[in-house]
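Enquirer: The primary structure of each chain is shown beneath.
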Amino acid sequence: MLGLVFLWPLAASILASFTRAGQPTLANYETVWRLYLRDVFYTLGIAAAGTALTFAIAIPACGWLRARAFGPVEFLLKVPLFVPFVVVGHALRVFLGPWAPGLAGSWTGIAVALAWKHLGLAALLMLGAFRAIDDSYLEAARNFGAGTGRLTRDVLVPMAAPSIAVASVLIFSSMLASFSIPLMMGRGGGAQMLMIDVYYRFGQHGDFETAAALGVVGYVLAMGAALVYLRRLTR
Amino acid sequence: MTRLIVRAAALAVAAFVIVGPLASLVVWSLAERWTTGSAWPQRFGLKYWSRMLSGDFLEPLRLGIVIAVIVTVLALLMAVPLGYALARLSFPGRAAVLLAFLMPQAFPQLPVFASATREFYRWGLAGTVSGVVLVHLVGALVFAVWTMTAVFRAIDPALEEAAWNLGASTTRAFLGVALPLATPGVVASAVLVFLYSLDEFTGTLLVGAPFVTTLPVYMYTASQGYELQIASVTALVLMVPGAVLLLLLERFLKSEYLVFFGQL
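Order-wise, the sequence lines are chains A and B. Take 1 as the starting number for the first sequence in this note's numbering and just add one per residue. Take 1 as the starting number for the second sequence in this note's numbering and just add one per residue.
Wrong hints could be hidden among the right ones.
To be verified - Estimated spans, in silico, between C-beta atoms of each pair:
id : chain 1 : residue 1 : chain 2 : residue 2 : range
1  : A       : Asn-143   : B       : Asn-165   : 53 to 63 Å
2  : A       : Glu-139   : B       : Val-69    : 45 to 55 Å
3  : A       : Glu-74    : B       : Glu-59    : 33 to 43 Å
4  : A       : Arg-131   : B       : Val-6     : 18 to 28 Å
5  : A       : Ala-11    : B       : Arg-172   : 33 to 43 Å
6  : B       : Val-244   : A       : Ala-52    : 30 to 40 Å
7  : B       : Thr-171   : A       : Gln-23    : 46 to 56 Å
Said to hold, decoys possible - To give a feel for the contact side, a few chain B residues facing chain A, derived at Cβ under 7 Å:
id : residue
8  : Leu-22
9  : Trp-28
10 : Pro-111
11 : Ala-116
12 : Arg-118
13 : Leu-134
Honestly, the hints are just simulated from the structure, not real lab data. Being a predicted model, the structure only gives us computed values, none of them experimental. Even glycine gets a Cβ: it sits at the ideal position worked out from N, Cα and C.
Next comes chain B alone, as it looks inside the complex (with noise of 0.2 Å):
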């Protein structure tokens, strides 16, 4: 019985500290009207919801995927023979890429966006999307890189052996068995970056201003104008991938995954 109680209250203040905040977003995304000072909306609807839809949230959303789906195609197609190279192969610098691949994470990101971008003015690449994709390429390959070198650690290095008993080359050992075997590793982390290059936030801000908006920026810019229920709105819409992910990727993604997750 007590042990009940303790359960129902752990689960209510676990759910008022987690939930809360996300609740809230819900209730400004429905309050047509809130003025200062009053601890609840004068008055709930969806106007905020269905101007949304109809008007200029759309275009960034559509720019967002365009170039979270470059950003997938080119971060899998350089993490996919860089991982494979990284875990089985041993060749000098090796610990020294690994260590570059590891330096995003460690330092912060700010200072070098904004340099990135000064030098981005310079190629032209500032505001554009190649620009964006570039920056966004930083992270996708982190979190590429060391997702490939974990899952093809995991893979039997004896069955390639095996493949080259039989007379197959390393290329075709490497497509033929290696590949096929890491095929769900590839998606995770195809899913992984895919969602990283959706909400990332500070390189697009930096190096695609003023004219690459995608969904965290135009947030960014509603909230900056006080226009928070269109903040709210968007802030919900970008939750949306997570709350997929969370759901259906818990038990698939191996909690190695879920730490990269954390720097999102």
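Same shape as in the complex, but just chain A (with noise of 0.2 Å):
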């Protein structure tokens, strides 16, 4: 099941970017390097901004919870966990469309709505990594007069370090290959992240060895990520 409708393409599709009209050739490889290449450099910046701007609210807004729990504000934060990429879109781009024009559909418009969608998920990963952290150590740095502030970046992200490795690999690759939230932002012209130029390249160009080239890319960038993710699952 999972072969004949994943395994299966995810083969086919790698097959076909490196073949054109039967014949195999690395020709899809050059175009994506003479027209995409500009592409693969934005979504990486985009996803690498999401994920420093997921972090940047998510670490100090954990780091605050696991020092004095409350229900409100833990609740709100997982919120996005449940609001479906396509309504993140919608919602983000309508929210910043009347009050900041000019953002929705710019790379910081998209990257914003990224790190919101994956706010939830890194709340939720750095909780259960700073909760499981034993509260000896967070007396004894209260002891040694450390504020909240003090207390997150000296003691609870070094100790969950590899947790926040995870989490941010996690989230990196997934924004690396976004795809509803920047077409439901909208397509300006200029620069696209790699998975909408997958989409036109074969739905509209109806060239599915380019798309497949440009698929390869995203799935060699996000294999790097993969890695990671897996052996530390496996351990």
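Mind assembling these two chains? They're in different frames, but the hints should get you there.
Expert: Quick look at the structure:
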């Protein structure tokens, strides 16, 4: 089942990326290099900015919540988990649209929307990691006069570093492969996210081979991230 | 006192950041007239809500529910035995099976679905409900197999061993002992899969186009036509199942299931 609908098409797309009109070639990758190199960096930039923004919010918020539990804020932080990607894209578009014109379809707007959606996952993983740290460490730090800020920076973050690394890899690769949020945020001119390129190359140009090569670039970028994730998960 | 102020400030910031975009959906769904450059709608009303309830919005909703029910039933029929086998038996290739069920999470889905769409054209499945069900089953099986494996792992094998000692066959012990104990987990898994299917967008857009329109696709089409109000009403409806689940099940669902939710 999974083989039929996932593994087979995955293999077929990798194979197709190296062929054109039935002949083995690297021409598709040349097209990617020529036309889409900028978009690859654009995508990496948005994913990096989005991940940084997610953790810039999630780490202080979760550190504060670890130090003093406060249900309502914790509940709010988890809300994005339950909002589908398409809805997030549209919500941020209409939220930013009238009140911050020009932001919605720009790279900042997309990064903000991606960060909003992944805040829930980041909060869930960070709170789990921070709560696994024994209270005695927190008490020791407090006895030396550390406030919540110091406590987060010097105790919680270093001790939860492996979990933070896994979470950021997971979120980074999810942002890299995001499709519905940039699609819903609107397509201006200029650079596009990689998955949007795949969609238009396949859907509008009917050029499956180049779309497949773009997809393989996405697989390779995500693969590096996935390897880290798997190594952690199967340990 | 300071502590109270800090808490109030934290709550206000969190409420603005999280609720703000969602509240703007409500504002948009009620905006009958809102010209560019204006910070606030000129006229509010229920026009778009009433249009939704009478109009072509019910058909995508109905179709989405039908697809979600089929996907849920099929996914659980496969995932319950498979999850049991993965949790209890050690067979060659067990790790490979688990790995295969992680891959759809780790890989960008869109190029794979584009490739699947091309294969589906060959098999006459593109643009059909069966094709959409198949593409939903990929994600659905990932959720279902992982949750069911976790559920069966949490059940003490000693209980089934006791049944075997009393002369029950493996099948009987599974049906009479393990499965009843796993019922809450099966229900949780079914809810997850149902909501995943209902909200699935990427695969439906690619495989279903142009004949199969579920709510997320309907919302995308509306927003592309700058019918932002209709898209906002649809977005709010799409949030209802998740909101109900968040309120009802947060205490029942283990956090490992919640992680799967982040992938919707």
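Enquirer: Work down the list of hints and note, for each, if the structure agrees.
Expert: Structure-based check of all given hints:
no., hint, in the structure
1, Asn-143/A - Asn-165/B: 53 to 63 Å, "holds, 55 Å"
2, Glu-139/A - Val-69/B: 45 to 55 Å, "holds, 52 Å"
3, Glu-74/A - Glu-59/B: 33 to 43 Å, "holds, 39 Å"
4, Arg-131/A - Val-6/B: 18 to 28 Å, "holds, 20 Å"
5, Ala-11/A - Arg-172/B: 33 to 43 Å, "holds, 40 Å"
6, Val-244/B - Ala-52/A: 30 to 40 Å, "holds, 33 Å"
7, Thr-171/B - Gln-23/A: 46 to 56 Å, "holds, 53 Å"
8, Leu-22, "holds, 6 Å"
9, Trp-28, "holds, 5 Å"
10, Pro-111, "holds, 2 Å"
11, Ala-116, "holds, 4 Å"
12, Arg-118, "holds, 6 Å"
13, Leu-134, "holds, 5 Å"
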